[in-house]
Amino acid sequence: MSAAGILLSVKDLSFSYGPGQPPALSSVSLDIAAGTVTALLGPNGSGKTTLLNLILGWLSPARGRVEVAGKPLDAHTRRELSRTIGLVPQDEHVTFELDVLEYVLLGRAPYLDFLETPGDEDRRKAALALEAVGLSALADRSIAALSGGERQLVILARALAQEPAILLLDEPMSHLDIANTRRILEVLADMKKNGKTILFTTHDPNLAAAADIAVLLKGGRVLADGPSASTLNERNLKSTYGVGVKVVMLDGHPVILTRA
Amino acid sequence: MRSSRGRSRRLWLIGGLVLLCLAGSVMLGRYPKPYVTPLSAIRDNPLAVNLILHLRLPRIAAAFLIGMVLSAAGAVFQMIFRNPLVDSGFLGVSQGAAFGAALAIVFLGGTAWAVQGSAAVFAMAGLAASYFLARRIRLGDWILRLVLAGIAVSALYSAATGSIKYMADPTRQLPDITFWMLGGLWGITWKDVLQILPVIVPCLIVLFLLRWRLNLLSLRDETAFSLGVRPGRERLVLLVAAVIATAAAVSKAGQIAWVGLIVPHIARRVVGSDAQRALPASILLGGVFVLVCDDLARIALSGEIPLGILTSFFGTVLFLVLLLRRKLGVRT
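Heads up: the sequence lines are chains A and B, in that order. According to the working numbering, the first sequence holds residues 2 to 261 in order. According to the working numbering, the second sequence holds residues -17 to 314 in order.
There could be a bad hint or two in this list.
Each pair of labels, with its calculated beta carbon distance range [said to hold, decoys possible]: (1) A:ASP178 <-> B:ARG251: 29 to 37 Å; (2) B:LEU306 <-> A:PHE115: 39 to 47 Å; (3) B:VAL219 <-> A:GLN22: 50 to 58 Å.
Among the chain A residues that face chain B by a calculated CB cut under 10 Å, a handful are [said to hold, decoys possible]: (4) TYR18; (5) GLN22; (6) ARG66; (7) VAL69; (8) LYS72; (9) LEU74; (10) ALA76; (11) LEU82; (12) SER83; (13) ARG84; (14) VAL89; (15) GLU103; (16) PRO119; (17) ALA138; (18) LEU177.
For the record, the hints were derived by calculation from the structure and aren't laboratory data. For each residue, glycine too, the CB sits at the ideal point set by N, CA and C.
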């Protein structure tokens, strides 16, 4: 893979949540090519969400750096970054009952001046984002009235309205049933076709198997990374989770079964 | 009618209601006869005209301004703290302002600017204390913690105000301080209105201009940050504007409770939760709510009913109605 194709690069990143705290991440390095889907896989507390927050710039590393499009994060303006990286948090606590379209419109903030309010063009782009996740019919519905799956798709639409090149998703499917999980994966596949670079965290190896690249994290360190079909093997998964698993290949994709 | 056009139309209807209430209030009073002032009095009775121009009008203006401020501040606090159960009376802001005002009356000579300035400083300190206390409390969720911290700070301020009352000159200073505790607008003149106007109007303009950003600030901080927002800095701008305006209002009217808590909820029921409409609706409906309460305060009985008592009464009743009908329009 040529360095030219690398959109997001994490170099020797270390972080801890306070003096005396154990490191949440230790010397993590990753190169993520444009237009790929990468899964950050690891058990709870392995540092996945911390890594996303460092890439976002919300947390500052103790050592190392994040580069976007070949430039360190702090060489970009906040506005540039907010137009480049979108975040889909694990859940969005919306205290007040915004309508779905009003919520998706918040994704247009990076394109508005401090005192500006969204205009027709922003409304059009928000409607397109909602269409991309297949929920145009719910535009006028209160966000509080949505099911878990719809809600996650609406949060994704809000990030898409941001028109980012890179999408970070934190456990996007952890609360969802099989049908909704599949729907999110389909939307992510569409996003990939549209040239987006996607990085999502998960603790489920079978979801990581849907990505092009899998990065296995444990205790804040990268245990293995590479194409998901070869990286998600029995040896790597055992050292990540500490339990034996069986991996069978189905249509060229690994399927992970827990061994009784 | 959930469409945004329908809701915008409701905002215009609220504007109409404002004009109606303002005009109606001019015609309500106890002179020359109780309740409605006949048009003939305005034509023939110079004393009635004088009274309307120099007593009734400044009072209407003050009631409306103060209602706008308290309600706007309530809406801002609720969204910024992602907490539907707070307003300036629950965050140590109103009590801080009352303490600052009492302090200025007793120890700083009691000039209008000293009272307003001291009210603003202690209101800000009250908010900061509530916020930082809430972050350290280890009980319950964020909504509960902030309410608990606010109650504690408010109680501390009330105790401190009590001590100042104890030290105050009972003939000159004590009546002034007692007035703050009850809340009311009797004796308001154009001079009072002009003293708070240059503070309140710029603050309301700042809040109005930043209204859409309130939606962004009600998201989780990481999400807001990913959208290019600087959550800490933007919150501070909005809070400072809300607190300064509240302190100015409280320094003239005393403790007018419940407006900031209840009116934003009503506004959200009418025009939806998007702050782009909910904030202007809160501002206008807050003005109407306090104006109507103050009309009642001055005409219902031959003597004056303290305004704070009326806003508390109607505010609590409305709050209970919304609560029992599960119409608060929030997720907790």
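Is the interface hint for A:GLU103 satisfied, with its Cβ closer than 10 Å to some Cβ of chain B? holds, 5 Å
Using the nearest Cβ pair, does A:ALA76 come within less than 10 Å of chain B? violated, 16 Å
Go through the hint on A:TYR18 and say holds or violated, using the shortest Cβ distance to chain B against 10 Å. violated, 15 Å
Should the hint that A:VAL69 touches chain B count as held when the rule is a Cβ pair under 10 Å? Violated, about 13 Å.
Supplied contact hint for A:LEU82, tested at 10 Å Cβ to chain B: At 8 Å from the nearest chain B Cβ, A:LEU82 passes the 10 Å test, so the hint holds.
Let me know if the C-beta of A:ALA138 comes in closer than 10 Å to any C-beta of chain B, holds or violated. Violated, because the Cβ-Cβ distance from A:ALA138 to chain B comes to roughly 13 Å (cut-off 10 Å).
Honestly, do B:VAL219 and A:GLN22 meet the 50 to 58 Å range at C-beta? Check failed, 33 Å falls outside 50 to 58 Å.
Was the hint right that A:ARG66 lines chain B, CB cutoff 10 Å? violated, 18 Å
Given a cut of 10 Å on the nearest C-beta pair, is the interface hint for A:SER83 held or broken against chain B? This hint holds: A:SER83 lies near chain B, its Cβ roughly 3 Å from the closest one there, short of 10 Å.
Does the Cβ pair A:ASP178, B:ARG251 satisfy 29 to 37 Å? Holds, since A:ASP178 and B:ARG251 (Cβ atoms, about 33 Å apart) stay within the stated range.
Is the hint on A:LYS72 kept, meaning its closest Cβ partner in chain B is under 10 Å away? violated, 17 Å
Evaluation of the interface hint that places A:VAL89 against chain B, nearest CB under 10 Å: Because about 9 Å separates A:VAL89 from the closest Cβ in chain B, which is inside the 10 Å limit, the hint holds.
Going through the hint list in order, the structure does not satisfy hints 3, 4, 5, 6, 7, 8, 9, 10, 17 and 18.
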